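There are 2 protein chains.
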Amino acid sequence: MKYDCIIIGSGPAGLSAALNLKLHNKEFLWFGQKDMSRKVRISEKIANYPGVPMVTGEELNGIFLKQAEEMGIEINDQIVTQVSFTGKGFMALAGNDIFESKAMILATGAANAKGFPGEDELLGRGVSYCATCDGFLYKGKTVAAFIGDKNYEHEVNYLAGLASRVYYFKGFKDEASEMPENVELQDRPIKEIKGGLKVGSLIRTDGTEIPVDGVFILRNSVAPANLLHGLELDGPHIKVDRQCRTNIKGCFACGDCTGRPYQITKAVGEGNVAAHEVLDYLAELDKE
Amino acid sequence: MKYDCIIIGSGPAGLSAALNLKLHNKEFLWFGQKDMSRKVRISEKIANYPGVPMVTGEELNGIFLKQAEEMGIEINDQIVTQVSFTGKGFMALAGNDIFESKAMILATGAANAKGFPGEDELLGRGVSYCATCDGFLYKGKTVAAFIGDKNYEHEVNYLAGLASRVYYFKGFKDEASEMPENVELQDRPIKEIKGGLKVGSLIRTDGTEIPVDGVFILRNSVAPANLLHGLELDGPHIKVDRQCRTNIKGCFACGDCTGRPYQITKAVGEGNVAAHEVLDYLAELDKE
Numbered sequence: 019m020k021y022d023c024i025i026i027g028s029g030p031a032g033l034s035a036a037l038n039l040k041l042h043n044k045e046f047l048w049f050g051q052k053d054m055s056r057k058v059r060i061s062e063k064i065a066n067y068p069g070v071p072m073v074t075g076e077e078l079n080g081i082f083l084k085q086a087e088e089m090g091i092e093i094n095d096q097i098v099t100q101v102s103f104t105g106k107g108f109m110a111l112a113g114n115d116i117f118e119s120k121a122m123i124l125a126t127g128a129a130n131a132k133g134f135p136g137e138d139e140l141l142g143r144g145v146s147y148c149a150t151c152d153g154f155l156y157k158g159k160t161v162a163a164f165i166g167d168k169n170y171e172h173e174v175n176y177l178a179g180l181a182s183r184v185y186y187f188k189g190f191k192d193e194a195s196e197m198p199e200n201v202e203l204q205d206r207p208i209k210e211i212k213g214g215l216k217v218g219s220l221i222r223t224d225g226t227e228i229p230v231d232g233v234f235i236l237r238n239s240v241a242p243a244n245l246l247h248g249l250e251l252d253g254p255h256i257k258v259d260r261q262c263r264t265n266i267k268g269c270f271a272c273g274d275c276t277g278r279p280y281q282i283t284k285a286v287g288e289g290n291v292a293a294h295e296v297l298d299y300l301a302e303l304d305k306e
Numbered sequence: 019m020k021y022d023c024i025i026i027g028s029g030p031a032g033l034s035a036a037l038n039l040k041l042h043n044k045e046f047l048w049f050g051q052k053d054m055s056r057k058v059r060i061s062e063k064i065a066n067y068p069g070v071p072m073v074t075g076e077e078l079n080g081i082f083l084k085q086a087e088e089m090g091i092e093i094n095d096q097i098v099t100q101v102s103f104t105g106k107g108f109m110a111l112a113g114n115d116i117f118e119s120k121a122m123i124l125a126t127g128a129a130n131a132k133g134f135p136g137e138d139e140l141l142g143r144g145v146s147y148c149a150t151c152d153g154f155l156y157k158g159k160t161v162a163a164f165i166g167d168k169n170y171e172h173e174v175n176y177l178a179g180l181a182s183r184v185y186y187f188k189g190f191k192d193e194a195s196e197m198p199e200n201v202e203l204q205d206r207p208i209k210e211i212k213g214g215l216k217v218g219s220l221i222r223t224d225g226t227e228i229p230v231d232g233v234f235i236l237r238n239s240v241a242p243a244n245l246l247h248g249l250e251l252d253g254p255h256i257k258v259d260r261q262c263r264t265n266i267k268g269c270f271a272c273g274d275c276t277g278r279p280y281q282i283t284k285a286v287g288e289g290n291v292a293a294h295e296v297l298d299y300l301a302e303l304d305k306e
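Order-wise, the sequence lines are chains U and F.
For the first sequence, our numbering assigns the number 19 to the initial residue and increments by one for each residue that follows.
For the second sequence, our numbering assigns the number 19 to the initial residue and increments by one for each residue that follows.
Please note: incorrect hints may appear among the correct ones.
Simulated coverage check for chain F against chain U, where a stretch passes if three residues somewhere in it have a Cβ under 8 angstroms from a Cβ of chain U [as the list claims (entries may be wrong)]: (1) 28 to 34; (2) 137 to 144.
Here's a subset of chain U near chain F, in silico, CB distances under 8 angstroms, partners left out [said to hold, decoys possible]: (3) ASN38; (4) TYR67; (5) GLU88; (6) GLY90; (7) GLN100; (8) SER102; (9) LYS284.
Hint data in this document are derived by calculation from the structure and do not stem from the laboratory.
This structure is a prediction, so every number in the text was calculated from the model and none was measured.
For each residue, glycine too, the CB sits at the ideal point set by N, CA and C.
Make the full structure from the sequences, and use the hints.
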C-alpha cells in the first residue's frame, strides 16, 4: 500500500505533525522511538512551553506519549536508513522493509546531523546504517560498530554472530551490556573512517589505527544528506521555507533539523505547519 | 524608561514570546486583553495541541492565563493605536500614553487585518482609533463609532458626552448596553467610509448614506499597515522570514498576523522564534 505520508522522527515536531494528519484521517506511518524523545526526556525543567507550565522533560515526554496513544497513533521503531524520491512519491527503507508514500515529513532532530569524517564518502562501500541488511556481507570478517543508543546494542550481538571480530564503539552514557567473546569494547572514540574504494580502517581519537572491513553506524537518526539524496541543506540543517517545504517536491521538514532555536515550542509549531502543507499537497495530488 | 521590548497581542503567539522574554529577565510591556484570547476561548474543541490533549478553548485559554500569572507576567489592556520606528527603536501610542522600546513584537492576530473601505485613506482625517485621544475635536458634532468588542462600549459613552449625535455600529454578538439619548444604535453595518480631505459620510450595507464628521473605530487590534507605517505586507499578512523578522529592523511578527495556518500550535512556535530573535537583537545592540 502507498501511504499518504511518512513522518520520520518522534520528537515534538513529529508528534505535532502526526496529531494533525491523524485528525484529518490520513494514512501515515510514523517512524521513531517507542519512548518518543530522549532530548525532551533529559530536559531538567521546561518553563517556556505554553500550556504546560513548569514541567520536567520526563513529564512532558510522558504527556506527549499518552496523547499519541489516546489518539491511536503508533510509533514504528524501525530505523529508516534511506529515503528515495521517485518523482511521484517516496520510498523509505527501514531494515529490510520498503514503505511507500505520497508525501514525506522529516523531523529527524539536530543532534546527529554530523557524521564521522569519511562516513559520507564510504557510505555503501563498507559503511552501513543497518546491520540486519548488510551484516551477512561480513561473515568471518572484522567490523566496527558505533552504537549511538543502548536500544541498538542487539545489533552488536547480531554482528558478533557473523563477523569474526567486532570492535564496539559506545556512543551513549549507560554501561554496555555483556557481549560475546569476539566483541571488543573500545574506550577511545572514532575519529575518522578511512578507505579507498572500500573501508580499510578506523582512526581512533588517540591517533591509533585499526584495520576493519566494515563499519556499522547505528544512530537514532541518519544525517539528512545521507538519508535523502539531493536534499538541499543550509549548513548542518535542512533548508526549508516558511511553509517547511524542502527543495524536493512533497518533502517537508520541521523541528530541530531545520535550524535554531532548538526549542520544543518552535518544533511543535513547525510540525503543525508541515502537516498542513502536506494536507494541501495531498489535495493537489487528488486533483491531478 | 525605554523597555527592551514591547509585545502587542495577547494570543498564543504573544504569550509564547512573553514567557521567553520573562525567563531571560528582559524588561518588556505586553499589550492585549486581560482575558487573553477571544479566538482561543471560542474554540469548541482543540485536539491537535501537543501537550494539552482534547481541551476546550475556554480551558486552554484559562491554562494560558494562569501560566502567565504564575510567571508574574501582566497584560496591559490599553489599545496600541500607533507604533513608530525612530531609527533607534520604537514608540508605541496607547491612549494618550507613549511607551518606548528597543525591539517590537507584533502578535496582533489575523481577524481584524482588513479595515473598512476608506478607513486607511481617511485615517487621521476624521477616522480615529482612539476616542479619548481625538474625541474633543468633535464637540457638538456628529460622529459614528464602530465598536468591535463590548469591552470598548464605554468609548461610545465618552463620545456621547462630547458629540451632539453618535451613530453606534456594533461589531460584537452580545446585546448593546443602555446608552445616552443622543446615541443611535444602528442595525445595518458599515459598508464604506467616504470623504475627501476629511470624512464626510458613511455608507451602510443597504446603500443608505449618513453624513458624519468623524468615525471612531475601536477594534481589539489595529490593522498592521495602519499600526506601523512602512511595514511590508504580503496580502493581508505581515511579511516575515523564517526568523520572524519583518522589513523593519528590530521589529518581529508572529502568529496569525504572519499568515496561515491559523493554528495555536503554529502561533506559539513563532512566538518562541520571535522572542529568541529579540534576545539576539538586544545582545547585538549591547555590543554597539
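Structure-based check of each hint:
Counting residues of the segment 28 to 34 of chain F whose beta carbon lies closer than 8 angstroms to any beta carbon of chain U gives 3, which meets the minimum of three for the stated coverage. Using a Cβ-Cβ cut-off of 8 angstroms, 0 residues of the segment 137 to 144 of chain F lie near chain U, which falls short of the minimum of three, so the contact claim is violated. Interface restraint check: U:ASN38 against chain F, minimum CB-CB distance 5 angstroms, threshold 8 angstroms, status holds. The restraint placing U:TYR67 at the interface with chain F holds, with a minimum CB-CB distance near 6 angstroms, inside the 8 angstroms limit.
Residue-level restraint check for U:GLU88 holds (minimum Cβ-Cβ distance to chain F is 6 angstroms; threshold 8 angstroms). The restraint placing U:GLY90 at the interface with chain F is violated, with a minimum CB-CB distance near 12 angstroms, outside the 8 angstroms limit. The beta carbon of U:GLN100 is not positioned within 8 angstroms of any beta carbon in chain F (closest approach about 28 angstroms), and the interface hint is therefore violated. This hint is violated: U:SER102 has a C-beta 27 angstroms from the nearest C-beta of chain F, more than the 8 angstroms allowed.
Interface restraint check for U:LYS284: the shortest CB-CB distance to chain F comes to about 5 angstroms, inside 8 angstroms, so the restraint holds.
Consistency with the previously given hints fails for numbers 2, 6, 7, 8, ordered from lowest to highest.
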